[in-house]
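Given chain A, put chain B in place with the hints provided.
Protein chains: 2
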Amino acid sequence: MAFIDLQKDLPGIRGPMAFRPETAKPLNELAEVLLHDDNNTLSRGEREMIGAYVSSQNDCFYCQNVHGALAQHYFQCDIPFIDAIKKDYQSAPISDKLKALLAIAGSVQKGGKYVTPEQVEHARTFGATDREIHDTVLIAAAFCMFNRYVDGLNTRAPQDRQLYVDRAKIRAEEGYADLNVYK
Amino acid sequence: MAFIDLQKDLPGIRGPMAFRPETAKPLNELAEVLLHDDNNTLSRGEREMIGAYVSSQNDCFYCQNVHGALAQHYFQCDIPFIDAIKKDYQSAPISDKLKALLAIAGSVQKGGKYVTPEQVEHARTFGATDREIHDTVLIAAAFCMFNRYVDGLNTRAPQDRQLYVDRAKIRAEEGYADLNVYK
Chain A
1 MAFIDLQKDL PGIRGPMAFR PETAKPLNEL AEVLLHDDNN TLSRGEREMI
51 GAYVSSQNDC FYCQNVHGAL AQHYFQCDIP FIDAIKKDYQ SAPISDKLKA
101 LLAIAGSVQK GGKYVTPEQV EHARTFGATD REIHDTVLIA AAFCMFNRYV
151 DGLNTRAPQD RQLYVDRAKI RAEEGYADLN VYK
Chain B
1 MAFIDLQKDL PGIRGPMAFR PETAKPLNEL AEVLLHDDNN TLSRGEREMI
51 GAYVSSQNDC FYCQNVHGAL AQHYFQCDIP FIDAIKKDYQ SAPISDKLKA
101 LLAIAGSVQK GGKYVTPEQV EHARTFGATD REIHDTVLIA AAFCMFNRYV
151 DGLNTRAPQD RQLYVDRAKI RAEEGYADLN VYK
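These protein sequence lines map, in sequence, to chains A and B. The numbers in my numbering rise by one with no breaks, and the one at position 139 of the first sequence is 139. The numbers in my numbering rise by one with no breaks, and the one at position 172 of the second sequence is 172.
Extracted from the complex, chain A is given alone in its bound form:
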């Protein structure tokens, strides 16, 4: 049970977002720009995958399934493919650039100072731009916030992973900006 009375029985981050719409608004706008906005040279799938990976490193069941299912939707793959990336992205059949960005994201998850100049240079050799590196760091940092928000309030996470897969298509279409989904 959540640590505070969230009033409505919404899963994961949707509970505290309905509880405090004043903070839900900028949180969703941030997610929209970082993850859904098409004005980005990283694909939506790559960006959702960075969020899912960081969430798995933070052991946040709700976030890694929501955003893993979105990556799965965009990649048009299955759950085991996403799980393989979360478990060992270096061995997964993804681009060298995404591997290099996931390495940066993994360092951000541990703490900002874990990112090394070598990691950044390595990403550049595979074509990563300043903005892609910026967005990777901020997506990883933002999920360190979202994961702590969800688990720090002990919110409820449905355990059936298929539920997240079923919901991903709608979220992909609607994005994060419409606050009505949190009501």
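Don't take each hint at face value.
As the list makes no split between identical chains, a pair holds if one copy fits it or if it spans any two.
Stated by the list, open to error - Simulated pairs of lysine to any residue, SDA-like, Cα-Cα distance not exceeding 20 Å: (1) Lys169 with Glu32; (2) Lys113 with Gln159; (3) Lys169 with Asp38; (4) Lys8 with Arg131; (5) Lys113 with Pro11; (6) Lys113 with Pro158; (7) Lys113 with Asn154; (8) Lys113 with Asp5; (9) Lys8 with Asp130; (10) Lys86 with Gly45; (11) Lys25 with Gly175; (12) Lys86 with Lys97.
Because the hints were derived from the structure by calculation, they are not lab data.
Chain B alone, transformed into the frame defined by chain A:
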């Protein structure tokens, strides 16, 4: 030197915020609601102190000085008073409620799952409300993002602590919503 070309020589988070105004907007709106908005039963000083404490636990020099200086401004105290809270809040001359909220914030800094029902109940015995507990968790989580954003891009932090103190008064007056300060 920052890992990406931030174009303008702005310190700390102001560099990446000027680099990517699309994400700066929701980040600043979040800070405004959480830290500066007067529609809150936690004082501005208490909220800034929670942010400064989490930033010190994350060893983020820039953020702990910016927000420590703001707490100092609101508390009308000196730098050693803020440093004493960061070092050992249990022994500091602050309210039991703020101590209990700092304990929750300290757990959030480690990871969402570190927050215990006992910590939350303890805060309630000193009068903490659901919304105060919510805001404490989200402020702590948000600083886990801000700190990683600042240090993960290796931004520049002025080392003279008095500079942060001098700037705090203006930030307290203006709040976080005006994006012009990041240009």
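Comparing the hints with the structure gives:
Proximity of Lys169 and Glu32 under a CA criterion of 20 Å is satisfied intra-copy only: 15 Å inside one chain copy versus 33 Å between copies. Within a single copy, Lys113 and Gln159 get their C-alpha atoms only as close as 34 Å, which misses the 20 Å cut-off; across copies the closest is 17 Å, which meets it. In this assembly of identical chains, the alpha carbons of Lys169 and Asp38 lie at most 20 Å apart only when taken from the same copy (16 Å versus 39 Å across copies). For the homomeric pair Lys8 and Arg131, the shortest alpha-carbon distance between copies (15 Å) is at most 20 Å, but the shortest distance inside one copy (38 Å) is not.
In the homo-oligomer, the alpha carbons of Lys113 and Pro11 lie at most 20 Å apart only across protomers (16 Å), although the nearest pairing inside one protomer, at 33 Å, exceeds that limit. For the homomeric pair Lys113 and Pro158, the shortest alpha-carbon distance between copies (17 Å) is at most 20 Å, but the shortest distance inside one copy (34 Å) is not. In this assembly of identical chains, Lys113 and Asn154 lie within 20 Å of each other by CA distance solely across copies; the values are 8 Å between and 28 Å within a copy. Taking identical chains as interchangeable, the C-alpha atoms of Lys113 and Asp5 lie at most 20 Å apart only when they sit on different chains, with a minimum of 18 Å there against 36 Å within one chain.
In the homo-oligomer, the alpha carbons of Lys8 and Asp130 lie at most 20 Å apart only across protomers (14 Å), although the nearest pairing inside one protomer, at 41 Å, exceeds that limit. For the homomeric pair Lys86 and Gly45, the shortest alpha-carbon distance inside one copy (14 Å) is at most 20 Å, but the shortest distance between copies (40 Å) is not. For the identical chains of this complex, Lys25 and Gly175 are neighbours both inside a copy (13 Å) and across copies (18 Å), given an alpha-carbon limit of 20 Å. Taking CA atoms no more than 20 Å apart as the test, Lys86 paired with Lys97 passes inside one copy only; the shortest distance there is 16 Å, against 40 Å between copies.
Of the hints listed earlier, there is not a single one the structure fails to meet.
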